[in-house]
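Chemist: As a plain string of letters, each chain reads:
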Amino acid sequence: MWASQDELTKALEQEGYILGNEEATTLFLALALNKPCLVEGPAGVGKTQLALALSRSTGRKLIRLQCYEGLDLSKALYDWNYAKQLLRMQAGLADWEEIKANIYGPEFLLARPLLQSILSEEPVLLLIDELDKSDEEFESFLLELLAEFQITIPEVGTFKAQVPPVVLLTSNNTRDLSEALRRRCIHLLLSYPELERELKIIRRNCPELAEEIIRDVCSFVARIRKLPLRKLPSISESMDFARAMHILHQKHLDFSNLGGTLSLLLKYPGDLAKVEERLKIWETENGRP
Amino acid sequence: MKQQFDGWSLLKLVYALRSLGITVSTQEIQDAFKALAQYPDLPPYLVFRSLFIHRMEELETFSWVWQLLFAGIQDYQSGQASTESDHSSEQEDSDSGWTDSSESGEGLHQGIGTGNFGISLCSGQDGAGNPVTETFQIPDIEQYFGQKGFPSVVDDVEDQEKFDFEAHVKFILGQSGFLSWANSLELARGRGRISEAEWRKFEEFKAVWEQEVRQKLWRHTVNSRNDWAFFRQVNWRFKSLDSFTPLEENMVHQALRQMGNKLAVRPGRRKKKGNHGKFCFSSLLKEKARGNGLIFHWQFERPVPQHPEFIILCDVSNSVAPFSQFFLYLLQRIKSRFRRIRLYLFVDTLWDITNQEWLKAGEFLEEIRSWGRRHSSGFSDYGQVFAEYTKSYLSEASAHATVLILGDGRNNFRPAQAECLKEVHEKVRRIYWLNPLTETEWLARDNVMSEYRPYCTQVFQCRTLDDLWQITREVF
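Residue numbers (the working numbering), protein chains in the order written: chain A, 1 to 289; chain B, 1 to 476.
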C-alpha cells in the first residue's frame, strides 16, 4: 500500500487527517503486517475519522459495524432468511433431503457487516466502531475474524477472505477489552493532539479563521485540558469554538468576553463552573491564553 | 544506515517485559523481526512498542524497560541523533537515547517537551526560564545512593516484596532539599505569592524531577541486583496505590471505572426468561407439558446481574487517604449500579455518605477533607467507630449483608473494643477487611488487627491495583 509511514502520513493528510509520527508508524505497521488495528482513546480525538480517511486514501470500500449493548451474531455476522426458507419449503418442488441441503445455501444467507467484509471481492476497510459498547461475549465472535480473516458458519462451513480486509476497531475505554482480542490487534493510542498538531488541524479544517484566533483557541483549549474536568474538550469542539469566535468577530481570545461560548467546549455544568472559576484567576494574571 | 537490533538484545527485552507481567508471544517476536527486516528504517523502539504493547497502561513500563536496557543507543529509539543540551545530559550522557523518543512527545499526553510522558528538563522547554523552578538547584542524584540513612537494597531474593522503592525515592527527595523547597512553594501559593501559571510550571517540573529520580534509582537497583523482579513495582498493576503520579492517577481512575462497570454487571445465579440468551430446554418442556396449544416454542433465559447487599466502612485518616481515595472511586462506580449498598467514612467518628450528591460526581476529596477538619481529631479510633456503628446503624443491616472495612488497623493506642466488631460479625453474613499495610506491619504496637482478625471472614492486603482487582472480584 505505502512504502513508509511518511507516505501514509502524507496520504492521510491529503484526506484532511493529520496523524502524528508515532501513531503513523503504528498504523503503518498494522497495515504492513496485515493485522487489525485497535484504536483507543478518549471521545473526540478522531478515531472514527481515521478510519474514514484511511478508507478514502486507500480507495477501499468502508463497511461499518456500529457496536451497542445487545449486539449479537444475527446483526453483526449473518442470519438466515427465514421467510425465504419457508417459501422454499412450501414450494415443495423437491424431496426433503434436497430442500434441506438447499435452504442452508448462500441464497438464504443474509450477510451482515462482518460477513460482508469477508465475502467482498473488492478490497474493503472494516470499521468496528465503539467495540467497548458491545457485550463481552461479542468479542469472542470476532476472534476468528481478527486472527484468520475467516468466519465459520456451522451449517455451511468456513468462509475465508479472498482479499483480506483492513480492520480497524475503535474503543473509548469504557470497558476493558479482553486480552485475547487485544493480542490479535496492534494497539494504537490516539490522545488529544499537542499544540502544534491541533493548530495544523484547525488551520486545515477552518481556513477562514485568522492565525491569531486559531493560536489563541488552541492554547486556551490546551490549558483547559490540563484541568481535572469530567469531559475534556475534543478536537471537533475546539474547532466549533474557534468558528464561534470567528462568527462573533473576535480578533483574539479575551477571557473576560467568553460568556456563552464556553458551552461549545464543555458539556457538563460542573465543568463549566470549574473553568469559569479558573478564568477569573487567569484573567487577573494576564487576561490572554 | 540504522544500527541493527540483534537477537540477544531482543531476548533481553522480552525477558524483562515478561518478568514485569507483560506477555509477549512468539508470534509477536516473529512479527517484530519481520517488520524490522522489511522496513529497516523504522525505529525499533516504535516497532517493538507497537507489536508488544496492547494497552496504554503498559506503555510506561515498556518505556522504562527500554530506557534501562538501551539507554545511550540512540538509533534504537528514534533513529535520530540526540541534540540534548540540558543539565541532565551533562550529568549522564546515557540518557540521550531516552529523551529523544518522539520529537515532540506525541502520542500519550498533550505534547509538552521531548519525553514520552510529559515535559522535559531540557533548557528552552517549559521548565526553564521560569523563576519558580529555577530556584531549585538540581543535584547529582547518584551521590545519595549508599549515603547514611539510604534504605539499602535487600539481598534476600525472597524479600523482594519488602523492597520499598518509594522509601528510597522519598529519601532522595528529602536529602536533595526538594521536599523542603516544594513545601515552601506550597506555603507561598497558599499565601497568594505564586501565580497559577507559576504553580502549574512547578507541578510539571515536580513530575519530571520525581520521574528522573525514579529512573536513576531503578537503573541503580537493576544494575546492582541484576534482577528484574524488583522492577515489577513499575508496572502500574503492582505499584503501591500511594505512589501514583497525577498522570497515572487518571489512568488508575479509568481502570477503576472499567472495573466498577464490570463488577456491577456480574451475572448472579438467578435467571430471567426472555427472548434472548441461552436456550432453556427445561422451560420448553414445561411449556409443552402445559398443553396450551403450542407445538413448539423456543424458550430462552439469561442470568440476572447479582444485587448483593454491601456495607462499606472506609477509613479516611491521613495514613490511609492515598489508598481510600482509589477505593472510594471504585465504590462510587459500583454504587451507581448497586441499589443495596451503604457507605460510611470514618476517622474517629462515623459519617454516612450513602446518599450524598457529591459522591455521584466523584468529587469527594474536598468534601472529605472539609468533613475531617470539622468532625474528627485526625487520629483513627476503630473502637469508637465500631461502637458507634453497632449502636446507630447495625439494626439496618440484614443477615445477608457483607461488611467491607478499609483501614490500616492503627488505632493510636486507643481501646480496640473488639466486642463491637464481634456483634457485627454475629449479625451479618461476612466481614472482609482490606488493609493497605503489609502483614508484618499489622503486628506493630499501635495496630489492633490481631484483635479484630478473629471476627473477620478474611483479611486482605490491599496495596496495589492488582490486589484491589483480585479482592473485588472475590468479594463482589
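Calculated from the structure, these hints are not laboratory results.
Worth double-checking, as some hints may not be accurate.
Unchecked claim - Listed next, the in silico BS3-like pairs over lysine-lysine satisfying Cα-Cα at most 25 Å (straight line):
1) Lys-272(B) <-> Lys-75(A)
2) Lys-133(A) <-> Lys-35(A)
3) Lys-133(A) <-> Lys-288(B)
Stated by the list, open to error - If the Cβ cut is set under 7 Å, some of the chain A residues that face chain B in the computed set are:
4) Asn-34
5) Gln-116
6) Leu-119
7) Glu-121
Because the structure is a prediction, the values reported are computed rather than measured.
Glycine included, every Cβ here is placed at the ideal spot set by N, Cα and C.
Chemist: Against the earlier hints, flag every one the structure doesn't satisfy and list their numbers going up.
Modeler: Result: hints 3, 4, 5, 6 and 7 break, sorted rising.
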